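Generate the whole structure from the sequences, applying the supplied hints.
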Amino acid sequence: AKKTVKQGTSALGIVCKDGVLLVADKRITEKLIIPASVEKIFQVDEHIGVTASGILSDGRVLIERAQLMAQQHRITYDEPVDVISLVKDICDFKQFYTQVGGARPFGVSLLFAGITNGKPEMYMTDPTGIFFAYKATAIGEAETELKDLLEKQYRDSMTIEDGMKLAVRALKKVLGKDFDIERIDGAYITTKECKFMKISKDKLAKIV
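Throughout the sequence shown, residue numbering follows the numbering used here, covering 1 to 208 in sequence.
These are computed hints drawn from the structure, not numbers from a lab.
Hints may contain errors.
Pairs of lysine-lysine residues, derived as DSS-like cross-links and limited to a Cα-Cα distance of at most 25 Å, are as follows [unchecked claim]: (1) K147 with K135; (2) K147 with K206; (3) K147 with K88; (4) K195 with K173; (5) K26 with K135; (6) K177 with K6; (7) K147 with K172.
Computed beta-carbon distance windows for the label pairs [claimed, not checked]: (8) A205 with R155: 16 to 26 Å; (9) K192 with Y97: 35 to 45 Å; (10) E64 with Q7: 21 to 31 Å; (11) D178 with R74: 15 to 25 Å; (12) A205 with S157: 22 to 32 Å; (13) Y77 with Q7: 35 to 45 Å; (14) K206 with V38: 28 to 38 Å; (15) E151 with K17: 15 to 25 Å; (16) Y97 with D178: 26 to 36 Å.
Fair warning: this is a prediction, and the values are worked out from it, not measured in the lab.
A virtual CB, placed ideally from N, CA and C, is assigned to each residue, including glycine.
Below is the structure:
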């Protein structure tokens, strides 16, 4: 299952002083596919986003579970769910499938990004159900190279604008001649607005 993630599309997340962001490679392999129809970053709730690498159908099952849990929590308690509560539920679900006879593990890693009590947070979950909190990290085929770039260039004082530049330029470097702005999907959540927002293609193009 972990090897499957390593063969998946690259994605990275960055916690900034004014929010958190996710940027992912769509890796469109067919010329006739409309790039805008391919999504790699999904809204879980107003204040949480997620991206996946690995078997995307597995990712969709887990993301839909997270979306359902977030809505149930909001209806039951009249407040947004904590990011960590959501992550723990998904990881418990993943871990259960590593030990059930006749079932296979979920072949997908997820990056959850969100705001809890005004604080930006990001968590990576792997196929075994383990999770870690990160300031910045990457998943997918270019994970190692992207992590090296993040370790060298990440700063705690980064704004979302700075983070976008770092994320897009890091993907551009690892993708090389295959890089195309149409391949990039991005989203961010600010601590001020606390709302999931997609990064427009115009904004991405200006960064490049």
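These are the hints, each one checked on the structure:
{"no.": "1", "hint": "K147 with K135", "verdict": "holds, 11 Å"}
{"no.": "2", "hint": "K147 with K206", "verdict": "holds, 24 Å"}
{"no.": "3", "hint": "K147 with K88", "verdict": "holds, 24 Å"}
{"no.": "4", "hint": "K195 with K173", "verdict": "violated, 29 Å"}
{"no.": "5", "hint": "K26 with K135", "verdict": "holds, 23 Å"}
{"no.": "6", "hint": "K177 with K6", "verdict": "holds, 21 Å"}
{"no.": "7", "hint": "K147 with K172", "verdict": "holds, 14 Å"}
{"no.": "8", "hint": "A205 with R155: 16 to 26 Å", "verdict": "holds, 24 Å"}
{"no.": "9", "hint": "K192 with Y97: 35 to 45 Å", "verdict": "holds, 38 Å"}
{"no.": "10", "hint": "E64 with Q7: 21 to 31 Å", "verdict": "holds, 23 Å"}
{"no.": "11", "hint": "D178 with R74: 15 to 25 Å", "verdict": "violated, 40 Å"}
{"no.": "12", "hint": "A205 with S157: 22 to 32 Å", "verdict": "holds, 26 Å"}
{"no.": "13", "hint": "Y77 with Q7: 35 to 45 Å", "verdict": "holds, 39 Å"}
{"no.": "14", "hint": "K206 with V38: 28 to 38 Å", "verdict": "violated, 22 Å"}
{"no.": "15", "hint": "E151 with K17: 15 to 25 Å", "verdict": "holds, 18 Å"}
{"no.": "16", "hint": "Y97 with D178: 26 to 36 Å", "verdict": "holds, 33 Å"}
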